[in-house]
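Asks: If you want the building blocks of each chain, they are given just below.
4 protein chains.
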Amino acid sequence: MCMTKIYHNALNIKCLDLSAANQVHYLSGPIRILDKDGVPAKPGDLLTVEICNLGPLPRDEWGFTAMFDHENGEGFLTDHFPYATKAIWHFEGIYTHSPHILGVRFPCLTHPGIIQEGTPEWEKIAREATRTIPGKENGGNCDIKNLNRGSKVYLPVFVEGANLSTGDMHFSQSDGEVAFCGAIEMSGFLELKCEIIRGEMKEYLTPMGPTLLHVNPIFEIGPVEPRFSEWLVFEGINIDESGRQHYLYVSIAYKCVVLNAIDYLSKFGYSKEQVYLLLSCCPCEGRISGIVDSPNAVATLAIPTAIFYQVPVGPYLLRKPDILKCTDDGNLPTTKNPSSTV
Amino acid sequence: MCMTKIYHNALNIKCLDLSAANQVHYLSGPIRILDKDGVPAKPGDLLTVEICNLGPLPRDEWGFTAMFDHENGEGFLTDHFPYATKAIWHFEGIYTHSPHILGVRFPCLTHPGIIQEGTPEWEKIAREATRTIPGKENGGNCDIKNLNRGSKVYLPVFVEGANLSTGDMHFSQSDGEVAFCGAIEMSGFLELKCEIIRGEMKEYLTPMGPTLLHVNPIFEIGPVEPRFSEWLVFEGINIDESGRQHYLYVSIAYKCVVLNAIDYLSKFGYSKEQVYLLLSCCPCEGRISGIVDSPNAVATLAIPTAIFYQVPVGPYLLRKPDILKCTDDGNLPTTKNPSSTV
Amino acid sequence: MCMTKIYHNALNIKCLDLSAANQVHYLSGPIRILDKDGVPAKPGDLLTVEICNLGPLPRDEWGFTAMFDHENGEGFLTDHFPYATKAIWHFEGIYTHSPHILGVRFPCLTHPGIIQEGTPEWEKIAREATRTIPGKENGGNCDIKNLNRGSKVYLPVFVEGANLSTGDMHFSQSDGEVAFCGAIEMSGFLELKCEIIRGEMKEYLTPMGPTLLHVNPIFEIGPVEPRFSEWLVFEGINIDESGRQHYLYVSIAYKCVVLNAIDYLSKFGYSKEQVYLLLSCCPCEGRISGIVDSPNAVATLAIPTAIFYQVPVGPYLLRKPDILKCTDDGNLPTTKNPSSTV
Amino acid sequence: MCMTKIYHNALNIKCLDLSAANQVHYLSGPIRILDKDGVPAKPGDLLTVEICNLGPLPRDEWGFTAMFDHENGEGFLTDHFPYATKAIWHFEGIYTHSPHILGVRFPCLTHPGIIQEGTPEWEKIAREATRTIPGKENGGNCDIKNLNRGSKVYLPVFVEGANLSTGDMHFSQSDGEVAFCGAIEMSGFLELKCEIIRGEMKEYLTPMGPTLLHVNPIFEIGPVEPRFSEWLVFEGINIDESGRQHYLYVSIAYKCVVLNAIDYLSKFGYSKEQVYLLLSCCPCEGRISGIVDSPNAVATLAIPTAIFYQVPVGPYLLRKPDILKCTDDGNLPTTKNPSSTV
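Sequence order for the protein chains is E, Z, A and L. If you read the first sequence in my numbering, its first letter stands for residue 963, the second for the next number, and so on. If you read the second sequence in my numbering, its first letter stands for residue 963, the second for the next number, and so on. If you read the third sequence in my numbering, its first letter stands for residue 963, the second for the next number, and so on. If you read the fourth sequence in my numbering, its first letter stands for residue 963, the second for the next number, and so on.
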């Protein structure tokens, strides 16, 4: 068991030239994991990594969400939004708000986008250009938005010492992180607790492909998550914009649902670029609702309406008492007891 | 094990003359509980009652909340609100709204206010006038607002057959039901599943007083409860309105917090009577926050702000698009990649 | 506005021969929707349908989940599970349990799998064989598992009277309904409240394809959902079992994650068929976690651990007191105040 | 508006001699609050204090819960538990566990027990001995267990500069903090954001007693709270242990319910002192369920069963695979399609 505090500085990412540079993730690590007797993790072990604490670096409480230029970084809807842009987000405790997307403020689930271990095939993997960008067998860029305080990751150990690395910290992200650099990217710190479970990689994780490397980590997500009362849910199916029918193709259904939501929300005074960025970083949920009713896969996107706060409502703490007046006459009829002496 | 469906008609309560009549609860029962071999529950057994389903009677989907005249039924704040009044509530699925308290609509936790068993000392208890009004050792008027679908009650069996009775159905209630007839009273049905655990009353329930009767039931509340994002919390301490300091007296602290909340919410266009009724029946939580820091007990009342819906907010489904316009200029700067050919 | 109660009898589906029959959905409807002045809904209107109440038919409180034979109904993992099978589920209030998959019991989000309106192109659509099977522009088989009490659907009106139809009732379903007939199929009733918003179809819904028909409904899901403390999360990426790398292909990533979860859970004494059925009907969440980090899409499947209840834990209501004993010696040291006279 | 980070060191409290010393709270402050133009808060203003971040001091991640000797600090159940004792708790991220109360581990809602402002009557108040111990009009020891990250307090300003002070940090506390020093006391830091709302004290807060000082602060609690699936609920009524009937006396009903819960939980291998401490510091909820059905007030105590983790259950990540085996035979019958060639 070990306890480590990582100060991960991703400020370089913050300065990124979104229109031209190649995107790279600067990770913290590799960290060599030893047990309390000093014996390193070994191939075939299972490594548990608990996220005890994490947050932005002190005096650096801000981040950004961005989409790349069409030729430079793709993004999910790059054909619709080919130009690079970004929005800055300010952090206030667990909340964030942006001068570039007014009228929204939301509580955040901060998490590392990347948590991974070393692999013996690093050279080969690097040649194939997947590098740190995608989610991979050894963890990688899994982008699980709920990997907040109290979460635990069960990782396979492929090399001696495990060579744990982590980073790509997100103050908040939606399922899918659709604008590519769509989470709220920030510099930050992490406190991790590691435990080695000797020789149990095989017992927990089964290869889903031809080699022993083709395993996927397992996660336990933490017990705290912002409560949201109301969700607005959009739907998409795998018919593309030309009207072409695809077959159980979730990626196209998800494209359809995100476009649907962008179109709808842009009716409230936002530009489509603003909504696209917002749907990349606010705590909305992207679900695979239907995957069996051929030919149509159904994807849904659920947006918590509480993130929009422009018009204060109800007996919130009063600031503009005239707006909030109830339209009732304010009187209930009361009936005095005829025998009462009060 | 047995399964029973109770159609409980409380319409008589609905016609109650609030200014003069004595309040009585019309219960359904007593129900004699047998096991599958036909052997009745016996003293010393423990009876579990699971609330499988419940709701308003078909074609009778309405209820009321009321406060009594000072001389007739007390109520928690009867000195401040001495006259009788009531509000009618209409049910729409799990939601309710009232023509007498405009601007609120909320999802409800429907439950029986009373669930109890027979006791051998019924005659004595009746003479002492507690009858069905209060919560008692055998269950009684416990008014636990979360006793919704999926909840389970563990009751002591004092007499052969258990003589289970239930009723006083509430479409919704706040903790405390402060206006006396303050829950949304309705007629309704209940589906219960009973199980006899032979001879285990003593193992589960310990008398808290001088006789074997002084036990209290245990409850498991169900797993569904409306999610609320935001709560407005008021505080009260045990200093009464004359400024007199009491000693760890929660009842006075709770009076203080309810008065506080009534005063605040009445600034939004409601009469104080309306707020008093609302705080009796909406899903708000009354907590004992501090009971050890002498001389002051601290009570809190938490109100979910989502029950107030007068002014639609955020990208809710649009009805009045002009109200909802974001004040932003609606444009994010975008940067075209100089080398791009798109 | 109108209020209607639909008794939808799907018993025929329950008798389905899974090994050979063609699957069809028997829907209730079409229902012609009029406003209070008797004027029917018209093309271009928006129809809101609120799900006020729903549930299994009285005395028919059971359902089933099934997978089809490979040649007969596909299913998401039909290559891995080519033979037909099914499990029966018994309902107890909001809970369900099965004699065929022991050790699980869970609270359910009951919903209609299909809610849809008539279209002018019905003949053409029928010829193209989509019929009622998939989710479609007019609603269709959307299979949104959270479409429970208090939910609201905003549907486009294409034909006079709207011709609303609904059915395919599910006592519970997971995101994706992976085994095809994977939800807990049941007969049931629905109480709906409809409202016509005149001429606003275009204002709410924007076509995502070449015709006006290419719109998707919007949903507001209800505020009650079972609370779950702990979720076990599996991950899958778009590398298939042969090791072939696909490109941002969520459907393959989802296949990977479901296989991962099946493999893991089958280590606890279940057959893989049992787990496959369970993951089709229990309230687990299928998410699109990463869709931008090419080449790998990342899908996750989150399973609430509370659905497994074999071994009672903690101070739950005691049945087997010896199992639950805490290993502590049961004594805290106490220190008497030397000056005390107690 | 101002932003401040308070490092509050309560280590002295940690060394407290529980059997003899007088309890005092060492607070951080007073902090003079100015607006951005340097103008101090003034009497009649309203001060909002948002809790942006808080936690234990680095390298001091532990705390304790304690009960005092009968003659020294009272406590809610001091007559039943007259001797001083304590339990140490270790922190792991948002979780805590104790070597003195084995078998429990729970996620925590960290909060300041005290947040208050200066008053002009300080001398008088001090003479009357309430000092920092109880909750008071200017805030004081409110012990609201949900005052976690993202919460906001609206305080009256009585003196120039407000003289804000805070401290008594709790890693976790139950409603009521019943054992007196019953929360998990710790040293810690706080990041606060203050805002002055000029002259609006009267508009927000109404005196509930004879002087202007008799106001109570209002709170908005934060949106993150651990999710718990299952709650075990105990009930108490205002009949004391001698069998004496009291009248709508919540404090006695709460005593009854806490004793009930202690008795029940002690059947699982804990000493009663351990349970008493546990019910003071774990996230359980104390509610005023009934306050109108005279003569009996009903109080309830709801305990999330997930805090007990001794016996791992269900398909949690497997450690002891033999314990977790499902008792099913593990085979569903499958039916091959007679016409199939697979």
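What the hints contain is simulated information worked out from the structure, not anything from laboratory work. Hints should not be assumed to be uniformly reliable.
The list treats identical chains as one, so a pair stands whether inside a single copy or across any two.
[To be verified] Cross-link-like lysine to aspartate or glutamate pairs, in silico, EDC-like; alpha carbons within 20 Å at most:
| id | residue 1 | residue 2 |
| --- | --- | --- |
| 1 | Lys1164 | Glu1187 |
| 2 | Lys1114 | Glu1165 |
| 3 | Lys1114 | Glu1187 |
| 4 | Lys1155 | Asp1041 |
| 5 | Lys998 | Asp1202 |
| 6 | Lys1229 | Asp999 |
| 7 | Lys1155 | Asp1022 |
| 8 | Lys998 | Glu1033 |
Asks: Hints first: check each against the structure and report whether it holds.
Replies: Hint by hint, here is what the structure shows:
Proximity of Lys1164 and Glu1187 under a CA criterion of 20 Å is satisfied in neither setting, with 31 Å inside one chain copy and 35 Å between copies. For the homomeric pair Lys1114 and Glu1165, the shortest alpha-carbon distance inside one copy (18 Å) is at most 20 Å, but the shortest distance between copies (38 Å) is not. In this assembly of identical chains, the alpha carbons of Lys1114 and Glu1187 lie at most 20 Å apart whether taken from the same copy (15 Å) or from different copies (18 Å). In the homo-oligomer, the alpha carbons of Lys1155 and Asp1041 never lie at most 20 Å apart, since the shortest distance is 42 Å inside one protomer and 40 Å across protomers.
Proximity of Lys998 and Asp1202 under a CA criterion of 20 Å is satisfied in neither setting, with 55 Å inside one chain copy and 38 Å between copies. For the identical chains of this complex, Lys1229 and Asp999 are neighbours neither inside a copy (61 Å) nor across copies (31 Å), given an alpha-carbon limit of 20 Å. Within a single copy, Lys1155 and Asp1022 get their C-alpha atoms only as close as 24 Å, which misses the 20 Å cut-off; across copies the closest is 16 Å, which meets it. Taking the closest pair of Cα atoms, Lys998 and Glu1033 never come within 20 Å of each other, the shortest separation being 49 Å inside a single copy and 45 Å across copies.
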